[in-house]
Structures are given as C-alpha cells and as structure tokens.
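Number of protein chains: 2
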Amino acid sequence: MFNFQYYNPVRIVFGKNTIAELKNLISRDKKILLTYGGGSIFRNGVYDQVKSALTGYNIVEFGGIQPNPEYDTLIKAVDIARSNNIDFLLAVGGGSVIDGTKFIAAAICFEDGDPWDICAKGAPVKNAVPLGTVLTLPATGSEMNCFSVVSRASRVEKLHFSSPYVFPKFSILDPETTFSLPRRQVANGIVDAFVHVTEQYLTYCVNTPLQDRQAQAILKTLIEIAPATIANPSNYDCRANFMWCATQALNGIIGCGVAQDWTAHMIGHELTALFGIDHGQSLSVIAPAVWRHQRAVKKTKLLEYAYNVWNISAGSDEEKINSAIDKTIDFFRSIDMPVTLKDCNIVPGNFANIADRLAERGMILGENQNIGRNEVVEILNICSG
Amino acid sequence: MFNFQYYNPVRIVFGKNTIAELKNLISRDKKILLTYGGGSIFRNGVYDQVKSALTGYNIVEFGGIQPNPEYDTLIKAVDIARSNNIDFLLAVGGGSVIDGTKFIAAAICFEDGDPWDICAKGAPVKNAVPLGTVLTLPATGSEMNCFSVVSRASRVEKLHFSSPYVFPKFSILDPETTFSLPRRQVANGIVDAFVHVTEQYLTYCVNTPLQDRQAQAILKTLIEIAPATIANPSNYDCRANFMWCATQALNGIIGCGVAQDWTAHMIGHELTALFGIDHGQSLSVIAPAVWRHQRAVKKTKLLEYAYNVWNISAGSDEEKINSAIDKTIDFFRSIDMPVTLKDCNIVPGNFANIADRLAERGMILGENQNIGRNEVVEILNICSG
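The listed protein sequences correspond, in order, to chains E and B. For any residue, its number in this note's numbering is found by taking its place in the first sequence, counting from 1, and adding 99. For any residue, its number in this note's numbering is found by taking its place in the second sequence, counting from 1, and adding 99.
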C-alpha cells in the first residue's frame, strides 16, 4: 500500500425531506448566493423547498450555470458575489452547478490575476468563500470532494482544479430530488460513478485488498441497481443507493493508498471540449478502450475485476479479460449509453488533434506514465466503432 | 435506507515514516500534553520518533494511561493540563490512550460539575482541547471517530461518550509501529475491528447493498490477512491492511443509513468492568452468542453474511446460519481468542448480576429493543461454555 493522506470534512445530510435542514446548516447572518443551472429546480419543487427552508435569509440568486460549467458564466457570478458582499454560496443542482460554484468560491477570493489561471496554470487557491450544496443529480461526487472541472468555450478548454478550500461545508442528498431527472442524465450518472471507481481500481496491484473490495462493492451495486433505477424513477431505494454509490465513488476512500489512472477522464474532457458530448458518454466510450489498450499492465486487476465483479471464472486469462470488458460494454449499452466514437458522431479524422491537445499540455497519462500521443490515438482507434 | 448524517473531519496520515509529519500537523506555538500508556513506546522507538519530530516544541508528558483508561488517572492529566495551560493533546498509543485523551480533552473544558457526568449522565460536551493521535495498536477505530470509552474502577463502571469536539485533528497511522505488538493485542485488535463491523451489519435489512458490501469487504479482508498478520509481525503489507481495516470499521462509513446493534459491546463492557477481561476477548465470546440468540430477527443478514463472507451456499437456512456462526467462532479460536465465558474463567453464577447492571442503567438492547434482562442472561448462557 502506498503512503497516503485522507481528509474529507464534508458533512453529508442524506435522506427524505432533508432540504429543510438548510436552516440548521447555514448561519442566519450569512448573505447567500444561491446558484443553479437551467431551471429544473423550478419544475421539480427543489427551488421551493430551498426557499422555504431559508425563509428570512438574505439571498441573491444566480441561475444558468451550464452543463460543463462555462467560465464566462461563472465570472459573472463572481462579479455579482463581490458586489453583493456574498459570504456563503449554496449550489443547488448536479455536478456542473457544484463544480462551477467551487470555481466561483475560489475566484471571488483570487487576487493574483486571471482566475482562469487556477485551472489553466495551477495557480494556488489561498482561500475561498464557504459553500454548501443541495445535490439533485448523482454522478460526479463533487458534493463530497474538493475537485472541480470548468470549461471555457472561447478557448475550447475543459480543465480541472482542486483545493481543500472548496470542500463543501455540507451537502444535502435527498434521493427524491432525482425522481424527475431525464433518463439520459441518470444513465450518464451511473457511468460517471462507475468509471470514477475503475479509474482508481483498474491499475496495478499494491496489496490493498480492502480498497479493492470497496471499489468492487460500488461497481457491483451500480450494476445491480441500474436497471430498476432507470426503469422506475420514483423507486426511492434505488435512487438512494445510486446516490450514495456516486458519492462514495469519488470521496477519496477507495483511492487511499492505491495507484490511479485518470486516462479515460483526461481524454474524455477533450472530447467534451471539442465535440460537446456529455461527460458520462465520453467515459462509456473511452474507459473500456483504455483497458483493452493497457491490458498488459492492468492484467492483475482486470482479472480480479472479471472474477469479483462479473463472476467470470472460465477461460484463459485473455478470454477472461475480454469477457469482463465486453460485459462492461454490454452494461453501458443496456442503459442506452454510447460505446463507440461513431455512436457520438466523432470520426477518425479528429483523433490526432485530440492527442495533440493532451500532448501540448504535457500530459503523459496512465498509472505507468506510458500513454503519450501515439497511445492516445491507438486508444481512440480501439473505440472508433 | 434510513436518513443519516455523516461527518468525519479527521485527517489520516498513513504509511511508513509518517510520524515525522507531526511538525507539519501541530502549530509550533502549541503547548502540548503528550499522553501515552504503559511505556511500550519507549521500547519500540515510537517515543523517540515523536520527540525527534517535535524538536523545539513545548511538551509536557503524561504516561501511565491504562488499558480501559481509568478515570482517576485521566483526572490527574486534566489537572496537569490545566495548570500548564496545555492547548494541544497528542495521544501516542492504542485505543485506550486515545479514548482516555479524548476524555481529558473534554474534561479540561468541562465546567458544569463532575466530569464523570460526561460518561455517567450524558452531560453535554460544549468544547474540548484539540487533539491528535499517533496510533500504535489497530483495534478500536478511535483514531478516526468521536467516541470514547472510559472506566472507573471505584464504581466498577465502564462507560462511553461521544462528541464532535473530540474528533482528532489528525491521526498518524504508521504500520511499522505495530511490529512489536504482543500477539495477544493483535488478536484482540482483529476481533475488535471484526465485531465493530458486525455490530453495524448483522441487524435487519433496510436495502443498503453498498453498505452491506462495504461491511463484508472489511470482514473478508480481516479473515484473509489474520493468519499472516499474527504469524509475521514485521509483514508491512499485512499490518498496513489490518490497520486500515480497523480504522474503516468504525469511522462511520459502514454505519450510514443502516440499523445497528451494539449488544455485544454493551454486555462486553460489563464483563470488562466486572472481571477485567480484555475488550477484544469480551467480544469474541459474546458476539456469536448474540447472533445465535437473535437469529430470527437477524435472519436475512445472517444468511447474507454466510453466503458472502463465508461462501456458505449448501444446507437449509438454519444450517447456513449455524455454519456461519461456527466458522466465525473457529476463526476467533484460530487466533487464540476465547470463545466461551469459561475460557475467561467467568462462571454462570455471575450472569444475573451482569444483566442487572445493564437493566439498572435502563439499557434495552438490540436493533429491535428486544434484549432485556432475561435475554441478556440467555445470551450469557449460550456462551457459558
């Protein structure tokens, strides 16, 4: 096991009717910027629950944060927050609203030039306005971590940052808020959570049987609950288990002391920046291709995955690994996710460009740092379809 | 799944040579009370590592905290801390030193009468001196939770309290500090961690497949690593996995949203208070007896435990449950733990007294509140030997 530090001070408030707890979680003297996305919270009653819980609070609202939250939008929120002396941010929405609000929180306090440098140049975040979240879309795990991914359309960039200052003070997870989600967003969320786990699990073995089993626990549960979670939007138990799986997938626990490989995410971010495809869709296409390409260095864990997650015990090692990857692809297909670039209308002519963009940022990917420009093209060819 | 809150701000610093990190974890201006137990830290080099890391710090030392930390001892530390204006406590040791230090931390700030009321009457803890830990004995999970158990010999009492104020600010877990542990303490620790899991897992089902698998992950890993962990004290990987299992067993994650039953601990605490037996030994004796007695209400989870932890798939439901309990007892025996009261030299004549003590404190046990005085005697009879 590698040495590691684990620190995660996010308070999770989970369950039915928990939005009402907001009044116990935010001090009455705070001036709140309430951030949200495209307005689904008005249709599903979440906005009303939030406003009801915060009756008497001083609230400024900022809506319109896009999926793949856009820098130009977030900077407007920063200006509004500064001019209104906002001292608490409440993000109500999915991972994009939360990621965007983390960026707003850091940017408000950023005084060393262009806030985009936080993402583009790793400029250090020295402080942030405190934030809390009401999660409505299980997927990214952003509600219980200090990561954020922000896009900037004018530069065709989708970049991430992290800082302990942007851990939410609390996150409210009421599974009932997910009942009205579009089917596509639920499927995206299932894949996002699934691949968050595999990025921390399918690497090389450093003798971490507990973390491996914790990873398998999330994967097996997601596979088990996916059909009913999609088919029955108001099945509370399914939505609750899905929500908790997605949070646990990226709160740091399964990543303790293990090798990690975020290749599928890094390539996927480029696909989203260039072609606008959903984050979850980029992962359902790319992740299995990464495993096929890296099967030699990931062999031990892929065999473990085959046996423990998919109950595959027959055949040669190569057959087991193929079967595990095929079953994963079948699983993604079963919830109507794309599994090839062709499914996403991305054609081979673009592959070199994608690899170039990663190479330009000096990104050598893979837990063994063996995925450079050529290998990215090979991975994209594997899933071209 | 039940509604729940999860909050755990402890920073875990895990791995080889991590004691040196102390200087980055405690501000130089703190006046530290360094607490420890019977002196093993002098023999295994941990004391020297701590003092070396804290060169130049203002440190007062307080040793001699007993297994089952004793109120009369802890109160002396409170006096020393107050008279020395201590503003940070560093506990170096196992669960008893950490639990005791949590009590010291709360008692220093307690101004509403006798600090024993914190344990005996649930007097509210309104503040505590901040504390950190260097863990040397994986077992209790105290390094990553806000619980504490304290004994008071003059009253023959062993009682617990909890408060968010006594979460350690950090806990350093260096598996190498465990290499010199006596075999018996390692076996005790394995059982303690194991039963922490079963107390949160073997209850009734509320549709929590992820938490169930997370619980099974710890149990299976403990079973897998126990033989080599005991046989090869300097096997780093085994000790590391054991250490991380013990922490994860009681940091709250597996307890999220599930029914819990701390019957084995509550009866076990009485056995320790009355007869001085090790905490781990009380659990290896009592826990399986609780499952046998409560097999009807715990049936679904016991069958799940049989299948998923012990790979038992043959036989009737009753046979599967018997086999799972028998295998657990065999496992405990395999690491030389007692499995009957007779093994601990406790004879049937004492059983009514034990049940009376719990009844006097108004304790009705079990996840269904169905274990009263008579049932406690029945459970004790099951494991009398």
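Calculated from the structure, these hints are not laboratory results. Each residue gets a CB set at the ideal place from its N, CA and C atoms; glycine is no exception. Hints should not be assumed to be uniformly reliable.
[As the list claims (entries may be wrong)] Pairwise CB distance ranges, derived in the manner of DEER restraints: (1) E/ASP211 to B/ASN467: 16 to 26 Å; (2) E/LEU402 to B/SER433: 25 to 35 Å; (3) B/ASN473 to E/GLU323: 38 to 48 Å; (4) B/ALA252 to E/ASN143: 56 to 66 Å; (5) E/THR439 to B/SER433: 45 to 55 Å; (6) B/SER279 to E/SER412: 49 to 59 Å; (7) E/SER151 to B/GLN104: 42 to 52 Å.
[To be verified] To give a feel for the contact side, a few chain B residues facing chain E, derived at Cβ under 8 Å: (8) PRO108; (9) ILE111; (10) SER253; (11) VAL255; (12) SER261; (13) ALA316.
Going through the hints against the structure:
no. : hint                             : verdict
1   : E/ASP211 to B/ASN467: 16 to 26 Å : violated (59 Å)
2   : E/LEU402 to B/SER433: 25 to 35 Å : holds (29 Å)
3   : B/ASN473 to E/GLU323: 38 to 48 Å : holds (40 Å)
4   : B/ALA252 to E/ASN143: 56 to 66 Å : holds (59 Å)
5   : E/THR439 to B/SER433: 45 to 55 Å : holds (51 Å)
6   : B/SER279 to E/SER412: 49 to 59 Å : violated (41 Å)
7   : E/SER151 to B/GLN104: 42 to 52 Å : violated (21 Å)
8   : PRO108                           : holds (4 Å)
9   : ILE111                           : holds (4 Å)
10  : SER253                           : violated (39 Å)
11  : VAL255                           : violated (38 Å)
12  : SER261                           : violated (16 Å)
13  : ALA316                           : holds (3 Å)
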